[in-house]
Amino acid sequence: MNLLRLALAYLVDRLGTTILTILLLALGVATVTVILLVGHQLRDRIGREIAGVDLVVGAKGSPLQLILSAVFQIDVPTGNVPLAEADIVRRHPLVARAIPIAMGDTAGGFRIVGTEPTLLEMRGAALARGRIWQAPMEAVLGAAVARASGLDLGATFVGAHGLGGTGFAHAEHPYTIVGILAPTGTVLDRLILTAVESVWQVHAPARPQPTGPPAAEEHGAEAHGDGAHRHGEQEGHVARRAPPEKAEITALLVRYRSPLAAVQLPRLVNAQPSLQAASPAFEAARLLAIVGFGLDAFRLVGIVLVTAAALSVFVALSNALEERRGDLALMRVLGATRGLVFRSLLLEALLLTGSGLVLGLVLGHSTVEVLAALFRQASEAGMTGWVLAPEELWLLPGVLGLGLLAASIPVIRAYRTDLASTLARA
Amino acid sequence: MAAPSPGSGPVTSEFAGAAAVTLEGLRYTIGPRTILALEYWSVPDRGRALVLGPSGSGKTTLLQLLAGLALPSAGRILIAGRDLAAMSEGDRDVFRGRTIGFVFQALHLVRALSVLDNLRLATFLTGTERSREELEALLQAVGLGERAGARPADLSQGEAQRVAIARALVNRPRLILADEPTSALDDRNARTVIELLLARAEEAGAALVVATHDARILPWFEQRLELGSGR
Numbered sequence: 099m100n101l102l103r104l105a106l107a108y109l110v111d112r113l114g115t116t117i118l119t120i121l122l123l124a125l126g127v128a129t130v131t132v133i134l135l136v137g138h139q140l141r142d143r144i145g146r147e148i149a150g151v152d153l154v155v156g157a158k159g160s161p162l163q164l165i166l167s168a169v170f171q172i173d174v175p176t177g178n179v180p181l182a183e184a185d186i187v188r189r190h191p192l193v194a195r196a197i198p199i200a201m202g203d204t205a206g207g208f209r210i211v212g213t214e215p216t217l218l219e220m221r222g223a224a225l226a227r228g229r230i231w232q233a234p235m236e237a238v239l240g241a242a243v244a245r246a247s248g249l250d251l252g253a254t255f256v257g258a259h260g261l262g263g264t265g266f267a268h269a270e271h272p273y274t275i276v277g278i279l280a281p282t283g284t285v286l287d288r289l290i291l292t293a294v295e296s297v298w299q300v301h302a303p304a305r306p307q308p309t310g311p312p313a314a315e316e317h318g319a320e321a322h323g324d325g326a327h328r329h330g331e332q333e334g335h336v337a338r339r340a341p342p343e344k345a346e347i348t349a350l351l352v353r354y355r356s357p358l359a360a361v362q363l364p365r366l367v368n369a370q371p372s373l374q375a376a377s378p379a380f381e382a383a384r385l386l387a388i389v390g391f392g393l394d395a396f397r398l399v400g401i402v403l404v405t406a407a408a409l410s411v412f413v414a415l416s417n418a419l420e421e422r423r424g425d426l427a428l429m430r431v432l433g434a435t436r437g438l439v440f441r442s443l444l445l446e447a448l449l450l451t452g453s454g455l456v457l458g459l460v461l462g463h464s465t466v467e468v469l470a471a472l473f474r475q476a477s478e479a480g481m482t483g484w485v486l487a488p489e490e491l492w493l494l495p496g497v498l499g500l501g502l503l504a505a506s507i508p509v510i511r512a513y514r515t516d517l518a519s520t521l522a523r524a
Numbered sequence: 004m005a006a007p008s009p010g011s012g013p014v015t016s017e018f019a020g021a022a023a024v025t026l027e028g029l030r031y032t033i034g035p036r037t038i039l040a041l042e043y044w045s046v047p048d049r050g051r052a053l054v055l056g057p058s059g060s061g062k063t064t065l066l067q068l069l070a071g072l073a074l075p076s077a078g079r080i081l082i083a084g085r086d087l088a089a090m091s092e093g094d095r096d097v098f099r100g101r102t103i104g105f106v107f108q109a110l111h112l113v114r115a116l117s118v119l120d121n122l123r124l125a126t127f128l129t130g131t132e133r134s135r136e137e138l139e140a141l142l143q144a145v146g147l148g149e150r151a152g153a154r155p156a157d158l159s160q161g162e163a164q165r166v167a168i169a170r171a172l173v174n175r176p177r178l179i180l181a182d183e184p185t186s187a188l189d190d191r192n193a194r195t196v197i198e199l200l201l202a203r204a205e206e207a208g209a210a211l212v213v214a215t216h217d218a219r220i221l222p223w224f225e226q227r228l229e230l231g232s233g234r
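Quick note, the sequences are listed as chains D and A, same order.
Those letters in the first sequence? Residues 99 to 524, by our numbering.
Those letters in the second sequence? Residues 4 to 234, by our numbering.
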């Protein structure tokens, strides 16, 4: 016999109440855990996506939309910008690095993004197999794309016009897979990466244009969904290192050379007729503030549930101790000090709340894992139940403390029990 | 090797020679009411005494005072030579657990525990070591060898009474206090229980004080304390 065995015997003796109390507590803890896990992973993911990007330059419009489309790849772009104007930014001495992003098509529901290999370096992406693209119409698949499509090195595919995945197929411009990326835990996993020139080539006009590249408003992301183009005939004319005079890109991901750029560059960009500058850090903070409100609301629900569960611990222990006043007095008669009785009751409360806490954590993590398995958006956002949010560590003292606080009133009442009168009544 | 005889451990030598119970100038009052008043009473070491009186005469109160569950308003209570009121509450709890075995009228078995665990609880709370074989031998001695795993709710009144007796004996006390141990039993069971109490107390070398209004058990006791009905 020991205190643990005694406490367990009492919990098992009123099994129904014990299970209900543990379940109620677990429900509250699980809700808070899901909120913490989703919030943590969302912040972590956003942080990883915007790392290395100080400024995004794109077409005028909503800055948040620009960030969501160019960095997170979850919204349509605000439009395209002339390469010539973008080059003003690229060549600026305060710019350390500017990576072009050109979008417009999808394949199998995954976005085809024209860019430069420096994007992979910036994200720390490594090739699982194959090599980086070296010529137009060569493509590198993100890990999730390769897994979902089943396509392998050397295979070919064609893009569908537009980002909705329902546009006509660019059947005459097949891409050849030359590389597959290892998982990065970033948006790269679900992108098909190629040279910017590939995007230009796919969307080049059908007839030779002696005066230069296609008109800006007819090509590029989303703007060219009218089906008026005829592609393919000019692909040999689009030189990789010689973009068409009026070529466009969707956005530029800029890295500052010095902090001074943060002051000067946005102003310079916004002064251009068709450019806008958006700060990923600022827009991400705005986004988190919007999403965070929802998370806070859910967290409040979780806290209410945990508090209700703590009250149930209070009620369960109060009732149990009321029924057991005779037992507690008996323990004193048998030689237990007040302290020992006090410790045995606290241990019981600790077992009750500890079980609810552990079960709640398991339920919470399992729920996130199930959500990631059921919903593509959740898995694509990198959600998993196999991580520990640092805030979860606060659940340990928080819930146990709340449970012990709830238990303290009935325990103190038991502590003060008058032996003679209790035994006489029992 | 045979299991040791239940309750037959060495009597603590610390109090050897002292009377098991000594009351001097005892008064117990609640507010203006005097519940109990005794000038002097003593039970010798290994003695057997009966406390008699009608309901409300203070028999249970006297046992509670002897066990240190309540403290006298005046006078002294010495148990095995030790003044209970002079001890701290914690010391009194420990002393009670190790020195006094109590058989309650309401038995107070812990329903969440098996018969065997009810005995284990009593040893655990006093920090006494008893092997499973010792505990089973004790249950055997009170005729419950086959009921070690049973819950109190599954026992008959007579069986529950015997468990309470076994629990009172498990720590080899110097003094056994029994409150109305036979009042709820038929003649045969009453006889069994009282003979069991006397035999086990004899084996354990313990004094036995029984409070009762049951005249059936008078023949077994020579020393008697009659409490009046007036308080």
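It cannot be assumed that every hint is accurate.
Here are some, though not all, of the chain D residues that point toward chain A, as calculated from beta-carbon distances under 8 Å [to be verified]: (1) L104; (2) D111; (3) G114; (4) G145; (5) V431; (6) A434.
Cβ pair distances, simulated, as ranges [unchecked claim]: (7) D/L113 / A/G84: 19 to 25 Å; (8) D/G437 / A/E132: 18 to 24 Å; (9) A/A109 / D/W484: 51 to 57 Å; (10) D/S464 / A/E92: 55 to 61 Å; (11) D/G437 / A/S186: 32 to 38 Å; (12) A/A202 / D/N417: 37 to 43 Å.
If you want a taste of the chain A side facing chain D, the calculated C-beta under 7 Å gives, among others [to be verified]: (13) P75; (14) S76; (15) A89; (16) H111; (17) L124.
I should point out that these hints are in silico values taken from the structure, not numbers from a laboratory.
Glycine residues also receive a C-beta, built at the ideal position from the N, C-alpha and C atoms.
Under the constraints set out in the numbered hints, which ones does this structure not fulfil? Numbers 3, 4, 7, 10, 13, 14 and 15, in rising order.
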